[in-house]
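Fit chains B and C to the supplied structure of chain A, relying on the hints for placement.
Listed below, chain by chain, are the residues.
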Amino acid sequence: MAQIFAYIAHKNGVVDDTAAELAVAAKKIDASAQVTAIVTGSGATLDAACQGAAKAYAQVWKINKPELAYPNAEVVRKLLKNIVPASSIVLVAHDTFGMDLGPGLSIKMDAAYASDVVGIDGADGSTLKIVRQEFAGMAHAHMTVNAAKGAVLTLRPGSFQAGDAAGGAGAVTDKSGDAGDLGAKRKFLQVVEAETGDVDITKSDVLVSIGRGIEDQENIGLAEDLAKAMGAVVSCSRPIVDAKWLEKARQVGTSGKTVKPKVYMALGISGSFQHLGGIKGSPFIVAVNKNPKAPIFQVADVGIVENILEFIPAMTEKVSG
Amino acid sequence: MEILVCVKRVPDTAENEITIKGDGTDIQRDDLVYSVNEWDNYATEEAIQIRDNVGGTVTVVTVGDSESEEILRRQMAMGADNGILLADGAFDGSDARGIASILAAAVKKGKYDLILTGAQADDGAGAVGGMLAAMLDLPYASLVNKVEVAGNKLKVGREIEGGNQEMNEIDLPCVLSIQTGINEPRYVGIRGIRKVASVEIPTHNAGALGVSGVGKAGAQVKRVDYFTPPAGKGAEILEGSMEEKIDKLIELLKAKGGLK
Amino acid sequence: MEFALNPPASNWFLFIPAWLIYTLIPVAGITFFIYEIVMRLKPMVLAQPDKPIAELPERVINVIKIWLLQWRHPRYMLAGVVHILLFAGFLILGLRSTELMFVGIKSGFTFPGMGGTLGAIYGVIRSYAATWVLVVALIAIYRRVVSKPARYAVPAKYGKPHTTEAVFVLCMICTLVLAEGFFEGSLVAAQKQQGLEAHTLAPLTLAWFASLFLSMAGKGTLQFVHSASYFIHDVTFFTFLCFLPLGKHFHVVTSLFNVFLMRTRRGNIKPVRYGVTNDQLDSIDSFGVKNLEDFTWRHILHFYSCVDCGRCSDNCPANAVGRPLSPRFISIKGRNLVYARHPLLGEPKVEAQPLIGTTYEEDEIWSCTTCGACEQECPVGIEYIDKIVDMRRGMVDEGMVPQSLQKPLSAIEKRGNPWGKMEKKRSEWAKDLEVKELPDEEAEMLYFVDSISSFDDRMQNIAKATAKLIKSTGADFGILGKDEKDSGHEVRRFGEEMLFQSLREHNTEMIKESKVTRIVTADPHAFNALKNDYEDLPPVEHISQYLVAQHRKGNLQLKANGDGQKVFTYHDPCYLGRHNAVYEDPRQLLDAIPGLKRVDMLRSRDRSFCCGGGGLMLFYEPEEEQRMGVLRVKMAAEAGANVIVTACPFCLVNMEDAIKVAGLEGKMEAIDLCELVANHLAE
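Those protein sequences? They're chains A, B and C, same order as listed. If you read the first sequence in this note's numbering, its first letter stands for residue 1, the second for the next number, and so on. If you read the second sequence in this note's numbering, its first letter stands for residue 1001, the second for the next number, and so on. If you read the third sequence in this note's numbering, its first letter stands for residue 2001, the second for the next number, and so on.
Treat each hint with caution, since some may be false.
[Said to hold, decoys possible] List time: in silico DSSO-like cross-link candidates among lysine-lysine, alpha-carbon distance up to 27 Å:
| id | chain 1 | residue 1 | chain 2 | residue 2 |
| --- | --- | --- | --- | --- |
| 1 | C | 2290 | C | 2192 |
| 2 | A | 293 | C | 2425 |
| 3 | B | 1222 | A | 27 |
| 4 | A | 28 | B | 1256 |
| 5 | B | 1256 | A | 280 |
| 6 | C | 2192 | B | 1021 |
| 7 | C | 2106 | C | 2160 |
| 8 | A | 248 | A | 185 |
| 9 | B | 1222 | B | 1021 |
| 10 | C | 2414 | A | 293 |
| 11 | B | 1216 | A | 108 |
| 12 | B | 1256 | A | 290 |
| 13 | B | 1216 | A | 129 |
| 14 | A | 11 | A | 293 |
| 15 | C | 2290 | A | 280 |
| 16 | A | 262 | B | 1256 |
| 17 | C | 2407 | C | 2270 |
| 18 | A | 81 | A | 27 |
| 19 | A | 244 | A | 260 |
| 20 | B | 1254 | A | 228 |
| 21 | C | 2559 | C | 2667 |
| 22 | B | 1108 | A | 280 |
| 23 | A | 129 | B | 1021 |
| 24 | B | 1254 | A | 280 |
| 25 | A | 55 | B | 1222 |
| 26 | C | 2634 | A | 244 |
| 27 | A | 81 | B | 1108 |
| 28 | C | 2106 | C | 2192 |
| 29 | B | 1146 | C | 2407 |
| 30 | C | 2471 | C | 2553 |
| 31 | C | 2667 | A | 280 |
[Unchecked claim] The following label-pair restraints were derived from C-beta to C-beta distances:
| id | chain 1 | residue 1 | chain 2 | residue 2 | range |
| --- | --- | --- | --- | --- | --- |
| 32 | C | 2433 | B | 1207 | 57 to 65 Å |
| 33 | A | 290 | C | 2433 | 31 to 39 Å |
| 34 | B | 1201 | C | 2257 | 23 to 31 Å |
| 35 | B | 1207 | A | 85 | 53 to 61 Å |
| 36 | A | 180 | B | 1213 | 25 to 33 Å |
| 37 | C | 2433 | A | 309 | 39 to 47 Å |
Quick caveat, the hints were computed from the structure, so don't treat them as lab data. This one's a predicted model, so the numbers in the text were calculated from it and none came from an experiment. Cβ coordinates follow ideal geometry from the N, Cα and C atoms, glycine included.
Next comes chain A alone, as it looks inside the complex (with noise of 0.2 Å):
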């Protein structure tokens, strides 16, 4: 079987949670895999990176470049190319970055590459078997892949649960000497922080939506409490906007925002045409209403027949643990 490197993201010297997941799809691969992590960067919170990817890797290749301080796809797939072996399995988380980096690197390892992959069935041979969503997730795929010259997987995030993680307690190499030339004409300048106000529902893939059961203004902040425990965005139904709790780019609805996100949690929204009209695909949808005639729970996947002013400061408490 090939070797298998999974490239680990970090910031501030922890490693993403994707880092753990990588190690397990990579088992689902081959069990026996010695998996090697590729953490990269500059400067101290490197090694802390380093550290935590070696809690679920055999060994981490260290590379520490000032090329590498923000990870710059461009630069890392130049990288990549030069340390990793041919014929190897590449494991990326599927997010911004993995998505920059992916194509690309397949290319010029000479590889297969698959995106996306929420499951993996194991391997036949040199063959991969993966599973991947089409059609905004309303259709599932069995696919394979030819990886007799190596593959590059983009996985998607939360799709392998890192419960059954094996340990790693590898050892750190630090292969910066390996690193070879990476110059690369695109330069990262600096990143652009969304302002509070500016928020794109239709980019979270977790939205706590809220609608005429919050009743009053001041139960806005129980939401925005969930939201930040869950690590999701607060959207609404059009009444909030109306009432200028929340600004219009917070709606949802045929008249508001088009959202798609994995996970849709409507918290005391009755479901109008219109604003179910604004949720594409087909996200897991929660919905929370006192009322069990609600219309919204004709098209939720869970409902919960609850106050929604009593259902939401529960659900923090327990979310916050």
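Just chains B and C, lined up with the frame of chain A:
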């Protein structure tokens, strides 16, 4: 600036459930209607706006069959100057790499300063743009939500997690994959399409492009079948005390990736 | 002839005989007035063609009713009466003013036939007319300067108020009648002083007061007053005439023509270009109104005719909820642009440029629900819907369509409904009801369902109730099901004419193929489309018309409403009421339910208040302070009702949402007429 926009004709699945054929080989396509991939539409609008600012031409290209001509005309009705159809039976069943190599061959037949693709299409892979760039040895940026022309470079914004924007400087020529929301694409009605109905659209086949090894046989990534994951209809109403309900919910949310 | 005072024509100005001056003033005044009119006609000549003038009897009736009898004025009682009196005075005094003009040229001039009794009667009438004109002009000045009704206010973004102009014109009117009174009064005072036979002055008129006031004055004073008042009258009269085409008082001249040319049919939309058939549309380079010259000449006349009375905007629901649209400023901004581009003297001050983004804004033009309240109200018959639709056509042609409207439009193009649902699901609501599907099956009557009642879960109830009611009358009917497409009513009104035409073509073909002899629909938008936008179809009725007729025939038996707590009010849908004058049938149908308590809202029938708009308007959201539906629901509550009955699925959508937003859940409910009647079907 000479701009090439790669577009794709996709089924319009926004409002209708996708059903899978009994044998799993495909989705039910009888009742589907097709249109240009939404992301590609933003890419075309962006190309037109860049051209209107700095001059040049916009060419739209697609790999498809004769039916794909309609989306080329639609983009030309928006304001693209030329359309190119890449059609050959040998292209059928190509994976992303195959499509990228067909497009790469078409790019080499012209001279383009900027190549745009949509960030993704109906299969959600988002692979072609990055592959095309790598094949052409051009710099690449994905998920672009802002483009500013600055001499022989571009300043591009990439949409990253949390709604933040990663600003980059990229040399021309380059390949960008365009994210929705970068602009407000203009409307194209029946009248607009009729106006360009008689414009000649050149078609190139595998021979003309000099590509081989594409199509189903050359694909490294193949679909075995479509399947429907088990899913219930209507809400499953959680019962019990508030605490029990929340515990169950949290469990479900974790499984769905709504909670980490 | 002997004169008590030297008549104006016999005076001298230094060495010039006054008759010469009094000949030159009218000649100069009239010449300049004609020049002004020619300059004002120029933009109309450069504009697009309008419809050929037919329907003469209707037009003459409109002129008599709306222009001469000022039919629409008393809808605003005080202002209306003031205007009627001013207008009547203006008509009456026109003859006198012309006569006076000639008096300055030839002393003692009277029109033939006006010397005797007829002249005496006219003299009395015009004296009183002059007097009431002064009184109402003073009232009008008081209103403009002191009481300032809110509808005259001009928001800063639209420019400056026209108060100065209005007051100036009113002052000129006062000057005219006062000058005329003193001219005549001074003569009579002199006649009396000299013991000559005096004109009899009608008591309590201006001249009568003037003669009393001047009775003690010396002859020199009287002569001065007599000569000066004539001079002032003559100069003021021609100043007034030449001032008219400069501003909003141009309506004094144009309103007659404007009313003559006003809409004779309601509910319809002008063709893309008059004189161009549907088959030739592909040959037109540009659709709709993009530049000033794209308006029709009649639309330019509308701009000239706007009096800035504010009645349209006062009734406009978009304006009421703070959307960026106020119909009167469509006219006023249009007029300002015409005047700037075609000045009376000198070079244009404004270059040719697209209207949208300069004179008008995108949101302004998309804000209109085409409810027609403005057109219903305008006392001079100015129209807005065609202009709005024409400007939308222009925007659609340029691709300037709001993102939220692009998806429903392309879904209609591809699937025949704005949600992009599959065609085969269009008749799913009827699957348990055994409804025939035409044209595969045959029936006498077609129930045209249209998109929202076919696809929306809630509104499908209307379709079900409608089918149940038709069935109960024993009619042989069917629906088009998968072969029906959206009627295209809003598609046309949102400016997508070509898409509308393809929908019309498809539906017309299906309807013809089904060989039905009559059509009913429960959706007023579909009703209006089939009746006024489509051609050569079998007769179309709204379901309320059909059901009332069936009830009269005894084919519809209704049981009593047992709930004494419920008070119903009927909300007139715009496209049933104002656009098609169906006001009574739905009310009669409600009253046919024994025991049902019904009240009317203050704003009902042709003054009904739009719910927020239907069709594509559901997908467009302009900036607004509140929702139209919320205002409407509050009006229902004020009327003492707790159930709003609508006869339109879009009204129901908006009302039900508005009840929630207004926090009136449990206190107010909304129901469709068909649902309500179906609930009262006798077993």
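Hints and how they fare:
A distance of roughly 68 Å separates the Cα atoms of residue 2290(C) and residue 2192(C); the hinted pair therefore is violated under the 27 Å criterion. A C-alpha spacing of about 24 Å is found between residue 293(A) and residue 2425(C), which places the hinted pair at or below 27 Å, so the restraint holds. With a CA separation close to 22 Å, the supplied pair residue 1222(B) and residue 27(A) stays within the 27 Å bound. Between the alpha carbons of residue 28(A) and residue 1256(B) the distance comes to roughly 19 Å, so the proposed pair stays at or under 27 Å and holds.
For the suggested pair residue 1256(B) and residue 280(A), the alpha carbons sit about 17 Å apart, so the restraint of at most 27 Å is met. Distance check on the hinted pair: residue 2192(C) and residue 1021(B) sit about 110 Å apart at the alpha-carbon level, beyond 27 Å; violated. For the given pair, residue 2106(C) sits about 45 Å from residue 2160(C) by alpha-carbon distance, which is inconsistent with the 27 Å threshold. Only pairs whose Cα atoms come within 27 Å are accepted, and residue 248(A) paired with residue 185(A) is rejected, the gap being roughly 39 Å.
Distance check on the hinted pair: residue 1222(B) and residue 1021(B) sit about 18 Å apart at the alpha-carbon level, within 27 Å; holds. For a cut-off of 27 Å, the pair hint linking residue 2414(C) to residue 293(A) is broken: about 34 Å separates their Cα positions. Taken as a hint, the residue 1216(B) and residue 108(A) pair is honoured in the structure, with Cα atoms around 22 Å apart against an allowance of 27 Å. Annotation: proposed proximity of residue 1256(B) to residue 290(A) holds, straight-line Cα distance about 24 Å (limit 27 Å).
For the hint linking residue 1216(B) to residue 129(A), the alpha-carbon distance of about 17 Å falls within 27 Å, and the restraint holds. At most 27 Å may separate the alpha-carbon atoms for a hinted pair to count; residue 11(A) and residue 293(A) exceed this at roughly 46 Å. Distance restraint check for residue 2290(C) and residue 280(A): the Cα-Cα separation of roughly 36 Å exceeds the 27 Å cut-off, and the hinted pair is therefore not satisfied. A threshold of 27 Å between alpha carbons decides the hint, and for residue 262(A) with residue 1256(B) the separation of about 7 Å falls inside it, so the pair holds.
Taking the CA atoms of residue 2407(C) and residue 2270(C), the gap is about 26 Å. The hint holds against a cut of 27 Å. At roughly 23 Å between alpha-carbon atoms, residue 81(A) and residue 27(A) fall within 27 Å of each other, so this suggested pair holds. Distance check on the hinted pair: residue 244(A) and residue 260(A) sit about 24 Å apart at the alpha-carbon level, within 27 Å; holds. Annotation: proposed proximity of residue 1254(B) to residue 228(A) holds, straight-line Cα distance about 16 Å (limit 27 Å).
Between residue 2559(C) and residue 2667(C), the direct Cα distance comes to roughly 25 Å. Compliance with the 27 Å bound is thereby established for this hinted pair. Of the supplied pair hints, the one linking residue 1108(B) and residue 280(A) is violated, its CA atoms being roughly 38 Å apart against a limit of 27 Å. Pair hint residue 129(A) plus residue 1021(B) holds up; C-alpha atoms about 21 Å apart against a cutoff of 27 Å. Between residue 1254(B) and residue 280(A) the CA atoms are separated by roughly 21 Å; this keeps the pair inside 27 Å, and the hint holds.
At roughly 35 Å between alpha-carbon atoms, residue 55(A) and residue 1222(B) are farther apart than 27 Å, so this suggested pair is violated. Among the hinted pairs, residue 2634(C) with residue 244(A) is consistent with the structure: their alpha-carbon atoms are about 20 Å apart, no more than 27 Å. As the CA atoms of residue 81(A) and residue 1108(B) are separated by approximately 24 Å, the hinted pair is consistent with the 27 Å bound. Of the supplied pair hints, the one linking residue 2106(C) and residue 2192(C) holds, its CA atoms being roughly 24 Å apart against a limit of 27 Å.
Of the pairs offered as hints, the one joining residue 1146(B) and residue 2407(C) holds, with about 23 Å between alpha carbons and a cut-off of 27 Å not exceeded. Using a Cα cut-off of 27 Å, the hinted pair residue 2471(C) and residue 2553(C) holds, with the two alpha carbons roughly 15 Å apart. At most 27 Å may separate the alpha-carbon atoms for a hinted pair to count; residue 2667(C) and residue 280(A) exceed this at roughly 34 Å. Between residue 2433(C) and residue 1207(B) the beta carbon distance is about 59 Å. The supplied range of 57 to 65 Å therefore holds.
Between residue 290(A) and residue 2433(C) the C-beta distance comes to about 33 Å, which sits within the given range of 31 to 39 Å. A hinted range of 23 to 31 Å for the beta carbons of residue 1201(B) and residue 2257(C) is inconsistent with their spacing of about 52 Å. A hinted range of 53 to 61 Å is violated for the C-beta pair residue 1207(B) and residue 85(A), which are about 37 Å apart. Range check, residue 180(A) to residue 1213(B): about 29 Å between beta-carbon atoms, so the 25 to 33 Å window is met.
Checked against the given bound of 39 to 47 Å, the beta carbons of residue 2433(C) and residue 309(A), roughly 41 Å apart, stay inside it.
Checked against the numbered hints listed earlier, the structure breaks hints 1, 6, 7, 8, 10, 14, 15, 22, 25, 31, 34 and 35; every other hint is satisfied.
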